[in-house]
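Turn these sequences into a full structure, and let the hints steer you where they fit.
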Amino acid sequence: MDVNEYLGLFLDESQEHIQSVNTQLLKLEQTGSQEAIQEIFRSAHTLKGMSATMGYESVANLTHEMESALDLVRAGKKESNQLLLDTMFSAMEQIEAMIADIETGGNGANVDVKETVVAFQSFIGSTSKAVEAVEEAIFTADLYTDSVITQAKETGFEAFQLHVKLSDAVVLKAARAYMVFDRLQELGEVVRTVPETEAIEQEQFDLSFDVLFVTQESADAITHAVTQVSEVEHVQVTSYTSAAASAPEVAVSAESVAVAEVKPKAVETDEPKEQAAPQAKTIRVNLERIDRLMNLFEEFIIDRGRLERLADEVGQPELNETVEKIKRGTNELQSLVLTLRMMPIEQVFNRFPRMVRSVAKDIHKKVQLDISGAETELDRTVIDEIGDPLVHLIRNAIDHGIELPEVRVAAGKPEQGRLALRAYHGGNRVFIEIEDDGAGINVDKVRSKALERGVITSEEATGMTDNEIAMLIFAPGFSTADVVTDLSGRGVGLDVVKNKIESLGGVVTLETVVGQGTKFQVSLPLTLSIISAMLVQVGEETYAVPLSSILETTLLDEADILTAHRERVFDFRGQLVPLVYLKEMFAIETEAKTQFPVVVVRKGNKLVGVVVNELIGQQEIVMKPLGTYLEGIPAISGATILGDGRVALIVDSNDLF
Amino acid sequence: MEQKWVVFSLGSNTYGIDVQSVRSIERVQPVTRVPNAPAHVKGVINLRGVVTPVIDLRLRLGYEAVEPTDETRILIASLHQGDAGFIVDRANEVVESEDVRIEPIPESSRDMLSAHLTAIAKGEDKLFSLLDANALFEEQHAE
Numbered sequence: 002m003d004v005n006e007y008l009g010l011f012l013d014e015s016q017e018h019i020q021s022v023n024t025q026l027l028k029l030e031q032t033g034s035q036e037a038i039q040e041i042f043r044s045a046h047t048l049k050g051m052s053a054t055m056g057y058e059s060v061a062n063l064t065h066e067m068e069s070a071l072d073l074v075r076a077g078k079k080e081s082n083q084l085l086l087d088t089m090f091s092a093m094e095q096i097e098a099m100i101a102d103i104e105t106g107g108n109g110a111n112v113d114v115k116e117t118v119v120a121f122q123s124f125i126g127s128t129s130k131a132v133e134a135v136e137e138a139i140f141t142a143d144l145y146t147d148s149v150i151t152q153a154k155e156t157g158f159e160a161f162q163l164h165v166k167l168s169d170a171v172v173l174k175a176a177r178a179y180m181v182f183d184r185l186q187e188l189g190e191v192v193r194t195v196p197e198t199e200a201i202e203q204e205q206f207d208l209s210f211d212v213l214f215v216t217q218e219s220a221d222a223i224t225h226a227v228t229q230v231s232e233v234e235h236v237q238v239t240s241y242t243s244a245a246a247s248a249p250e251v252a253v254s255a256e257s258v259a260v261a262e263v264k265p266k267a268v269e270t271d272e273p274k275e276q277a278a279p280q281a282k283t284i285r286v287n288l289e290r291i292d293r294l295m296n297l298f299e300e301f302i303i304d305r306g307r308l309e310r311l312a313d314e315v316g317q318p319e320l321n322e323t324v325e326k327i328k329r330g331t332n333e334l335q336s337l338v339l340t341l342r343m344m345p346i347e348q349v350f351n352r353f354p355r356m357v358r359s360v361a362k363d364i365h366k367k368v369q370l371d372i373s374g375a376e377t378e379l380d381r382t383v384i385d386e387i388g389d390p391l392v393h394l395i396r397n398a399i400d401h402g403i404e405l406p407e408v409r410v411a412a413g414k415p416e417q418g419r420l421a422l423r424a425y426h427g428g429n430r431v432f433i434e435i436e437d438d439g440a441g442i443n444v445d446k447v448r449s450k451a452l453e454r455g456v457i458t459s460e461e462a463t464g465m466t467d468n469e470i471a472m473l474i475f476a477p478g479f480s481t482a483d484v485v486t487d488l489s490g491r492g493v494g495l496d497v498v499k500n501k502i503e504s505l506g507g508v509v510t511l512e513t514v515v516g517q518g519t520k521f522q523v524s525l526p527l528t529l530s531i532i533s534a535m536l537v538q539v540g541e542e543t544y545a546v547p548l549s550s551i552l553e554t555t556l557l558d559e560a561d562i563l564t565a566h567r568e569r570v571f572d573f574r575g576q577l578v579p580l581v582y583l584k585e586m587f588a589i590e591t592e593a594k595t596q597f598p599v600v601v602v603r604k605g606n607k608l609v610g611v612v613v614n615e616l617i618g619q620q621e622i623v624m625k626p627l628g629t630y631l632e633g634i635p636a637i638s639g640a641t642i643l644g645d646g647r648v649a650l651i652v653d654s655n656d657l658f
Numbered sequence: 353m354e355q356k357w358v359v360f361s362l363g364s365n366t367y368g369i370d371v372q373s374v375r376s377i378e379r380v381q382p383v384t385r386v387p388n389a390p391a392h393v394k395g396v397i398n399l400r401g402v403v404t405p406v407i408d409l410r411l412r413l414g415y416e417a418v419e420p421t422d423e424t425r426i427l428i429a430s431l432h433q434g435d436a437g438f439i440v441d442r443a444n445e446v447v448e449s450e451d452v453r454i455e456p457i458p459e460s461s462r463d464m465l466s467a468h469l470t471a472i473a474k475g476e477d478k479l480f481s482l483l484d485a486n487a488l489f490e491e492q493h494a495e
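Residue numbers (our numbering), protein chains in the order written: chain A, 2 to 658; chain B, 353 to 495.
Incorrect hints may have been included.
Not the full set, but computed from the structure, chain A residues with beta-carbon under 8 Å of chain B [stated by the list, open to error]:
#1 GLU299
#2 THR629
#3 TYR630
#4 LEU631
#5 ILE642
#6 GLY646
#7 ARG647
For the record, the hints were derived by calculation from the structure and aren't laboratory data. Remember, it's a predicted structure, so these values are computed and weren't measured experimentally. Glycine included, each C-beta is placed from N, C-alpha and C at the ideal position.
See the structure below:
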């Protein structure tokens, strides 16, 4: 079987099953529903079958354990318990990681599933071969370890795997372990430990731990050195060989996108049926094909414009009528083609319930997540990109927004915090809101920190509203966390979230009330590709300025230009607005004019007048990326193709401020 | 292994680029200048609906710029970072590996350009340097 051909399908279907298991797990946890167990069992079974067929043993083995455990519950031989649920949640996380690895060309064997398998096994109540197999491969191969060991071997070192067991009477486990490491460091280098070194230091291990060690010494010498440490009961030294030497390379197939067929509107019934919703009939179409269709269609739109102009010139009634028909047809076609790329945001939202659950659990908070508007559709590209920023905002809300249960109770709030995740359409934008009922943002703290870090000056701070100050948490180099936690303070600031959202043509805002909570709102364009723009001309060159950023256009005389702080400004309705000359900004050769049009653009409540030579007019343009090579060119956000086939660049007015 | 190169000229020098990475060879067409881009970036063109960057290979390799002629062509190469066009003086022919001998770049002629050159191909009446288009593109991007 040619595996590659099926890989895309396998990945997509796996995702669907993982998603379904996660949904059902949450349901099971809340209601203990038998149906949910059946659903999970079915999905686990399918996952097992698919992955075995594809040769991904790691996925197959883990799902097999899960299936066996569930089979007992299903048959009524065992009761489901919280431990089993937790194990299944972590199993799904691991399977997801494996699938992600497979997607990037791995084989899914890099995920450490030992604990999960042991937990399933102990639930089932038998220790079968699977555990022993896992036991042998304590150090599952990863690239880092492999490269260290290969290098070490090249320079005459040997790799050993040590199993160290401390005596039952040991008092200071961590100290003994530390002494073992100390001895080992004298003889060679510790590559990895199971559990991880940090966990060992915090005594998070039973009586034994495993060490992967490279040295020039013999196994006997190591044994001798380690047993010298008191309270070490036993040490087993075995030679280590890398397991991943022959991991097969798997090419990643082209990304696929599910295209929903327009389905007849379902008749709404009031009966709350718990049964699965009828599946919309879909086919999977390669995203590349849709992009090609879009490109061809855009070319066609350009030719349509040309045809309209020609028909106007000719002035023949029948021709005009035909052109008019074509125009109507293509308009409909255009909206249809654009919807082809649209997908419900459900795909992104689906992973949040589980994430919120585990994040909240990790930091001992109680959070209820309410999701609405998951059916809201967005462009596939946005769907692919918006996940990470949302994850960051949600983690942030749980970590910094929602308080610990005892704090909430003391403040007279319910113990369980609420986190609302909403999506909805408004105009030609999609809004996503993340609202918590937590502590809100401490504006004074943000202000002093922003001043301290030099994000704003004290003059700037005086004129700012509370929400404007709160927005500073998105400024580069700003972090509100006093203590860097594992969650939000991972070195990636909220400025990265803001940049990502803006690169998608989006805007992020927030509202916060101390003691009552914070609401983040992300607004995104419905489709990335078509925008209204003003075409302007400077010298021989044509540029497009997005209409969304234009306040108005006006005509200015040379004599109206004033100078303030050596900056050219003009009086716009009683407000002094700085002028930016596009010909200077873009080094365009053009003659000086005494009277010229000015395009007034805004960013927040700031204004700038952009001086051009001529206004050509307003037009719908198809936004196209400039490509990675020309990324980062200042004040240019993309390109579009004009009616005459030439490329015009799109001015990013945000860069003019 | 059978290999083919598209051979082209820049002044009196000839270069070859792997035919696998060449998508098409285009005649000169209107190029939109991209302000504040590196000097050798001529601009962008509309290549069947896709906005494609175009690089003046003369400038990129340190030769003097010339005005386009009837023979000037744009080689559209498919690179890791997407498609890009390279302006060359003339596209000559496609040469197969059986017609040439591949030799390493002589030590003496190693210079700053050799980072983009992979080897020298010699045939009966042919001599051209093999160019790594991805290296040309990426290294510049890193700058």
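*Unsatisfied constraints (hint numbers, rising)*: The structure breaks none of the hints.
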